[in-house]
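Numbering of the sequence shown is given in this note's numbering, commencing with residue 8 and proceeding in unit increments.
Hints listed in this document are in silico derivations from the structure and should not be mistaken for laboratory results. Treat the hints with caution; some may be incorrect.
[As the list claims (entries may be wrong)] Lysine-lysine pairs mimicking DSS-like chemistry, simulated, CA-CA at most 30 Å apart:
#, residue 1, residue 2
1, Lys83, Lys229
2, Lys229, Lys42
3, Lys276, Lys88
4, Lys276, Lys229
5, Lys88, Lys42
6, Lys42, Lys116
7, Lys42, Lys276
From a predicted model like this one, the values you see are computed outputs, not experimental measurements.
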Amino acid sequence: MQHATYGCRRKHGSVMRAPATAYEADVRCNLCGSKAHDAVSHNAEWNCTLVRCEGCGLMFYSPRLREDYTVPTFLKGGDAKAEAESMADRGVFFGETQGTAEEQIATLKGYFSHIFLEHLRHFAAVNGDRPARSMFEVGTSVGWYMVTAREIAARDGVALSTAGCDANIFAAEVARERFGLDVRGEVFSDYPETADRLGRYDLLHAFDYIEHSYTPADDLAKMFHFAAPGAVLALKTFLHEHDHAGSYAHPVFHHHHFTADTLRAAIEKAGWRILVFDDERERVYAQVTVFATRDQAG
Numbered sequence: 008m009q010h011a012t013y014g015c016r017r018k019h020g021s022v023m024r025a026p027a028t029a030y031e032a033d034v035r036c037n038l039c040g041s042k043a044h045d046a047v048s049h050n051a052e053w054n055c056t057l058v059r060c061e062g063c064g065l066m067f068y069s070p071r072l073r074e075d076y077t078v079p080t081f082l083k084g085g086d087a088k089a090e091a092e093s094m095a096d097r098g099v100f101f102g103e104t105q106g107t108a109e110e111q112i113a114t115l116k117g118y119f120s121h122i123f124l125e126h127l128r129h130f131a132a133v134n135g136d137r138p139a140r141s142m143f144e145v146g147t148s149v150g151w152y153m154v155t156a157r158e159i160a161a162r163d164g165v166a167l168s169t170a171g172c173d174a175n176i177f178a179a180e181v182a183r184e185r186f187g188l189d190v191r192g193e194v195f196s197d198y199p200e201t202a203d204r205l206g207r208y209d210l211l212h213a214f215d216y217i218e219h220s221y222t223p224a225d226d227l228a229k230m231f232h233f234a235a236p237g238a239v240l241a242l243k244t245f246l247h248e249h250d251h252a253g254s255y256a257h258p259v260f261h262h263h264h265f266t267a268d269t270l271r272a273a274i275e276k277a278g279w280r281i282l283v284f285d286d287e288r289e290r291v292y293a294q295v296t297v298f299a300t301r302d303q304a305g
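Please put together the full structure from these sequences, using the hints given.
Put into structure tokens, the structure is as follows:
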């Protein structure tokens with residue numbers, strides 16, 4: 008699947024530079040809280056260093072670009088608006104479609120249908136005949152996954168209630184205005200944790216999201232708080248040990264690199280019980296798909 012670049016594509020060989028005030032150093036591990044780490048690699052273009060926490064092994068950048076710099080710079084400007092409109096109109100963030108725009112969108116929705124039906128199967132395995140009636144998506148883009156999920160649920164006679172957020176404010180705007188979806192344009196850590204959200208959602212979906220977060224462990228815990236007993240989380244990210252070419256190493260977009268061990272640790276620390284941890288289906292893309300549940304007594 009194509010990833011958003013959040014308005015930071017280089018044009019005509021130019022290289023973007025960030026001011027010194029855009030950086031923060033001595034970053035604390037979001038999983039275990041340690042500040043002790045070893046250097047893994049350095050990105051000279053952005054002057055950010057990928058490090059490995061000595062306490063738990065989680066990898067992140069330190070120094071790194073501050074969130075209050077990256078969000079307004081790349082998610083509220085640059086190419087972010089054009090990417091959102093392209094995804095809504097053509098089913099791709101940028102570049103050429105495979106076939107016509109209609110065919111590309113059909114392919115995208117076909118993939119999403121496969122994932123959502125699998126999500127429902129895991130929910131049924133945990134909850135029996137009780138239908139899933141609500142879903143929260145972290146990192147919605149323009150909302151194609153929500154649209155697909157609601158169409159499938161409607162065929163089964165279920166009016167699926169959906170809500171979510173995306174850090175690209177233009178993508179969230181498209182989701183609201185074009186598809187009528189309840190999507191807020193903000194990072195998940197800023198999404199209101201109000202009483203009406205807690206323990207509400209049967210399904211939580213976070214594909215290609217957690218690597219972008221500055222606070223992934225906190226976000227997994229927040230998703231758990233949003234989850235109803237018996238809820239099932241679907242999550243996808245890349246695994247560092249499978250990314251031999253370093254394709255995902257980008258300090259502006261991928262603030263955290265997970266291994267199988269650190270991803271399991273983060274999910275379980277948040278309270279989730281892992282049902283499926285599949286790093287084979289999309290191994291060619293170094294991706295792992297995880298389904299996890301909030302137990303009924305959780």
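Keeping to a limit of 30 Å between CA atoms, is the pair of lysine 276 and lysine 229 held or broken?
-> holds (12 Å)
Within 30 Å, alpha carbon to alpha carbon, are lysine 83 and lysine 229?
-> Within the cut-off at roughly 24 Å; holds.
Could you grab the alpha-carbon distance between lysine 88 and lysine 42 and see if it respects the 30 Å cut-off?
-> Violated. Lysine 88 to lysine 42 sits at ~36 Å, over the 30 Å cutoff.
Given the hinted pair lysine 229 and lysine 42, is their alpha-carbon gap at most 30 Å?
-> Holds: lysine 229 and lysine 42 sit about 23 Å apart, inside 30 Å.
Lysine 42 paired with lysine 116 [C-alpha distance capped at 30 Å] = violated (42 Å)
For the pair we were handed, lysine 42 and lysine 276, check the Cα-Cα distance against 30 Å.
-> holds (19 Å)
Mind checking the alpha carbons of lysine 276 and lysine 88 for me, to see if they're no more than 30 Å apart?
-> Violated, because 36 Å separates the two Cα atoms, which is more than 30 Å.
Hints 3, 5, 6 from the list above are not met by this structure, while the remaining hints are.
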